[in-house]
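J.: Sequence:
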Amino acid sequence: MSGRHPPPPHHPHQQPPTTSPSSSSSHSIHHQMQNISPSDLQFLRQTQRTLGISPAASSPSSSNAGGLSLDSNALTALSMHFDGLMAAITARVQTLSEQTRASTQATHRRSSHVVDRATVEIETLRDILRQCDELETEFLKIKRLGEMVKGFRKRVETLEKKMGR
-5 MSGRHPPPPH HPHQQPPTTS PSSSSSHSIH HQMQNISPSD LQFLRQTQRT
45 LGISPAASSP SSSNAGGLSL DSNALTALSM HFDGLMAAIT ARVQTLSEQT
95 RASTQATHRR SSHVVDRATV EIETLRDILR QCDELETEFL KIKRLGEMVK
145 GFRKRVETLE KKMGR
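According to my numbering, the sequence shown is numbered sequentially starting from -5.
What the hints contain is simulated information worked out from the structure, not anything from laboratory work.
A few of these clues could be false.
Heads up, simulated DSSO-like pairs for lysine-lysine below, C-alpha to C-alpha not over 30 Å straight-line [stated by the list, open to error]:
hint	residue 1	residue 2
1	K148	K135
2	K148	K137
3	K155	K144
4	K137	K155
5	K137	K156
6	K156	K144
All values derive from a computational prediction rather than experimental measurement.
Construct all of the structure, not just a fragment, from the sequences and the given hints.
T.: Written as structure tokens, this is what we have:
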């Protein structure tokens, strides 16, 4: 196995890197720059300025495309900067995911507690309703007994009238 590494992958919307001599590399870079939107180019220029990279600071042998430094040091600095941004974004997403998970679990615990309390209250109400039904049954029995007593009184009165005659 040789010490060569496979070429780095390229973005699917970009042209693959060319291996032509340096005289045509400027043409290739210019061609690839046409695939980048003006707003993206402006963003890259602004980021390079923020990082302290200027086209004038790049080496004479490096490429420069419309105020954008394309030498290996500038591109490495941009790559490291964007790697740092991606790491910060990833960390923020993980933090937000963890906060969302914790919040969801807390909400679940609270809602479970509310459901448990409601279940107890429902059972208490069911027991009270059952007792009310039992009382209603007892009241119906008392009413029926009252009607029976009235019926017996009438009979007794009727018998007393017959006997008292």
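J.: All hints, please: hold or fail.
T.: Tested hints:
{"no.": "1", "hint": "K148 - K135", "verdict": "holds, 20 Å"}
{"no.": "2", "hint": "K148 - K137", "verdict": "holds, 17 Å"}
{"no.": "3", "hint": "K155 - K144", "verdict": "holds, 16 Å"}
{"no.": "4", "hint": "K137 - K155", "verdict": "holds, 27 Å"}
{"no.": "5", "hint": "K137 - K156", "verdict": "holds, 29 Å"}
{"no.": "6", "hint": "K156 - K144", "verdict": "holds, 18 Å"}
The structure meets every hint from the earlier list without exception.
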